[in-house]
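*Asks:* Spelled out, the chains give:
2 protein chains.
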Amino acid sequence: MKQDTVIFPPVKGFCLVVSAPSGTGKTSISKLLLETEPSITRSVSMTTRPPRSGETNGGDYHFTTPDRFRGLIKAGEFLEWAEVHGDLYGTPRTPIEQIVGDGRIALLVIDVKGGQSIKTIFPDAVLVFLLPPSLENLEQRLRNRGTEAGDVIEKRLNEALIELQCVSQYTYGIVNEEGRQQQTVDTIRAIIAAERCRISRWEKK
Amino acid sequence: MKQDTVIFPPVKGFCLVVSAPSGTGKTSISKLLLETEPSITRSVSMTTRPPRSGETNGGDYHFTTPDRFRGLIKAGEFLEWAEVHGDLYGTPRTPIEQIVGDGRIALLVIDVKGGQSIKTIFPDAVLVFLLPPSLENLEQRLRNRGTEAGDVIEKRLNEALIELQCVSQYTYGIVNEEGRQQQTVDTIRAIIAAERCRISRWEKK
Numbered sequence: 004m005k006q007d008t009v010i011f012p013p014v015k016g017f018c019l020v021v022s023a024p025s026g027t028g029k030t031s032i033s034k035l036l037l038e039t040e041p042s043i044t045r046s047v048s049m050t051t052r053p054p055r056s057g058e059t060n061g062g063d064y065h066f067t068t069p070d071r072f073r074g075l076i077k078a079g080e081f082l083e084w085a086e087v088h089g090d091l092y093g094t095p096r097t098p099i100e101q102i103v104g105d106g107r108i109a110l111l112v113i114d115v116k117g118g119q120s121i122k123t124i125f126p127d128a129v130l131v132f133l134l135p136p137s138l139e140n141l142e143q144r145l146r147n148r149g150t151e152a153g154d155v156i157e158k159r160l161n162e163a164l165i166e167l168q169c170v171s172q173y174t175y176g177i178v179n180e181e182g183r184q185q186q187t188v189d190t191i192r193a194i195i196a197a198e199r200c201r202i203s204r205w206e207k208k
Numbered sequence: 004m005k006q007d008t009v010i011f012p013p014v015k016g017f018c019l020v021v022s023a024p025s026g027t028g029k030t031s032i033s034k035l036l037l038e039t040e041p042s043i044t045r046s047v048s049m050t051t052r053p054p055r056s057g058e059t060n061g062g063d064y065h066f067t068t069p070d071r072f073r074g075l076i077k078a079g080e081f082l083e084w085a086e087v088h089g090d091l092y093g094t095p096r097t098p099i100e101q102i103v104g105d106g107r108i109a110l111l112v113i114d115v116k117g118g119q120s121i122k123t124i125f126p127d128a129v130l131v132f133l134l135p136p137s138l139e140n141l142e143q144r145l146r147n148r149g150t151e152a153g154d155v156i157e158k159r160l161n162e163a164l165i166e167l168q169c170v171s172q173y174t175y176g177i178v179n180e181e182g183r184q185q186q187t188v189d190t191i192r193a194i195i196a197a198e199r200c201r202i203s204r205w206e207k208k
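So the protein lines, in turn, are chains A and Y. Going by this note's numbering, the first sequence wraps up at 208, each residue one higher than the last. Going by this note's numbering, the second sequence wraps up at 208, each residue one higher than the last.
I should point out that these hints are in silico values taken from the structure, not numbers from a laboratory. Here a beta-carbon is modelled for each residue, glycine too, at the ideal position from N, C-alpha and C. Careful, some of the hints might be misleading.
[Said to hold, decoys possible] Stretch-level coverage of chain Y by chain A, calculated; a stretch enters the list once three of its residues show a Cβ under 8 Å from a Cβ in chain A:
| hint | stretch |
| --- | --- |
| 1 | 168 to 181 |
| 2 | 194 to 200 |
[As the list claims (entries may be wrong)] Calculated lysine-lysine pairs in the DSS-like style (CA-CA distance at most 30 Å, straight line):
| hint | chain 1 | residue 1 | chain 2 | residue 2 |
| --- | --- | --- | --- | --- |
| 3 | A | Lys-116 | Y | Lys-15 |
| 4 | Y | Lys-34 | Y | Lys-122 |
| 5 | Y | Lys-15 | Y | Lys-122 |
| 6 | Y | Lys-15 | A | Lys-122 |
| 7 | A | Lys-122 | Y | Lys-34 |
| 8 | Y | Lys-158 | Y | Lys-116 |
| 9 | Y | Lys-122 | Y | Lys-77 |
| 10 | A | Lys-15 | Y | Lys-116 |
| 11 | A | Lys-15 | Y | Lys-122 |
| 12 | A | Lys-122 | A | Lys-77 |
| 13 | A | Lys-122 | A | Lys-158 |
| 14 | A | Lys-122 | A | Lys-15 |
| 15 | Y | Lys-122 | Y | Lys-158 |
| 16 | A | Lys-34 | A | Lys-15 |
| 17 | Y | Lys-34 | Y | Lys-158 |
Generate coordinates for the entire structure from the input sequences, incorporating the hints supplied.
*Replies:* Shown next, in the form of structure tokens:
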């Protein structure tokens, strides 16, 4: 039987970077997103900081030693890495390349600097920035968490202001309002649906 | 009372161009889209061809005389215009500029050449191309319409092949499968939701 001449080819996989200042809710958004969007696989970062209570190795992070981490840096095994408050954090290269190569979406929840690195390595990456509704709301959320002292909150807020200045390097911006997380997730899913229709992502043209 | 420092500014309006070869179902898709997406206003084209049975003036087209049409061309009142089989068709400038200026979305169901003109005038326009699942399916759909003679179908099919070669000039491509029109409409709505989050569309940065 003669096969029909299909016009629409399969689309390539891509990286979905989600960045947000502390307190904007990126952790719970990415959890909800992974639960509802089967085409996404989360990239698990590697870190030298010790696990916090409840964190699992391979789930939240790949926990490792500074020596091994530095060895992987030398071997070119990180797409991007950074030292934050004396601890090393990095995005392993091989799993991301596998996810994207399989035509799937690799979710990277990383900071603005990491997002810029990913955009350089994967120019077709999709960069989403989550925004708090207002600066006052962000401060309130940081205070409500109650896990940090006053001067740490001040520090986080200053970091957030610096991160917000980088928003124009991102493609999409979504306001993550408290109590409306599902709406944020739906908007990210709409972005994914749109990006999968992008003609430049066709395997062959 | 001190106002909160809102980070997310309003987004600018834009043009949504939908193009598709004859028989791909763009007319019914755009009707469904207008029924479900209140942020869209359809741009009504102007033509010198006589109304067909059931067509209303101002609804389907603005019907006019060749003399008046040519006067409007001279006055620069068309964003794009073309002569097709001896009849003139054009997209009036003023209504589109009003829709976009109001922060809304102007829907233009036009051909590939028209789409290219709109992209030149409005570089931030969103261009969507509707594709038939296969060339054989397209031919079948054209034959099933039963409104055209065999040689006209042949002609439409050749035109479709030429139009399909222009697909790479479009941003998004969606396969419009028969009986799954709602899915096509949902995908266009996802594209609209994504495009409204595009940071380059913020009124101020």
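*Asks:* Each hint should be assessed against the structure and marked as holding or not.
*Replies:* Status of each hint after checking the structure:
Check result for the stretch 168 to 181 of chain Y against chain A: holds, 8 residues qualifying (beta carbon to beta carbon below 8 Å, three or more required). Counting residues of the stretch 194 to 200 of chain Y whose beta-carbon sits less than 8 Å from any beta-carbon of chain A gives 5, enough to reach three: the coverage restraint holds. For the hint pairing Lys-116 of chain A with Lys-15 of chain Y, the CA-to-CA distance comes to about 28 Å; that is within 30 Å, so the pair holds. Of the pairs offered as hints, the one joining Lys-34 of chain Y and Lys-122 of chain Y holds, with about 23 Å between alpha carbons and a cut-off of 30 Å not exceeded.
A C-alpha spacing of about 16 Å is found between Lys-15 of chain Y and Lys-122 of chain Y, which places the hinted pair at or below 30 Å, so the restraint holds. Taking the CA atoms of Lys-15 of chain Y and Lys-122 of chain A, the gap is about 25 Å. The hint holds against a cut of 30 Å. Between Lys-122 of chain A and Lys-34 of chain Y the CA atoms are separated by roughly 38 Å; this puts the pair beyond 30 Å, and the hint is violated. Between Lys-158 of chain Y and Lys-116 of chain Y, the direct Cα distance comes to roughly 18 Å. Compliance with the 30 Å bound is thereby established for this hinted pair.
Straight-line distance between C-alpha atoms of Lys-122 of chain Y and Lys-77 of chain Y comes to about 21 Å, which keeps the hinted pair within the 30 Å bound. In summary, the hint linking Lys-15 of chain A to Lys-116 of chain Y is supported, as the alpha carbons are separated by about 28 Å, within the 30 Å threshold. A hinted pair counts as satisfied when its Cα atoms are at most 30 Å apart, and Lys-15 of chain A with Lys-122 of chain Y qualifies at roughly 25 Å. Note on Lys-122 of chain A and Lys-77 of chain A: the hinted pairing holds, with a Cα-Cα distance of about 21 Å set against a maximum of 30 Å.
Using a Cα cut-off of 30 Å, the hinted pair Lys-122 of chain A and Lys-158 of chain A holds, with the two alpha carbons roughly 27 Å apart. With a C-alpha separation of about 16 Å, the suggested pair Lys-122 of chain A and Lys-15 of chain A falls inside the 30 Å cut-off, and the hint holds. Of the pairs offered as hints, the one joining Lys-122 of chain Y and Lys-158 of chain Y holds, with about 27 Å between alpha carbons and a cut-off of 30 Å not exceeded. With a C-alpha separation of about 24 Å, the suggested pairing of Lys-34 of chain A with Lys-15 of chain A holds against the 30 Å cut-off.
Straight-line distance between C-alpha atoms of Lys-34 of chain Y and Lys-158 of chain Y comes to about 26 Å, which keeps the hinted pair within the 30 Å bound.
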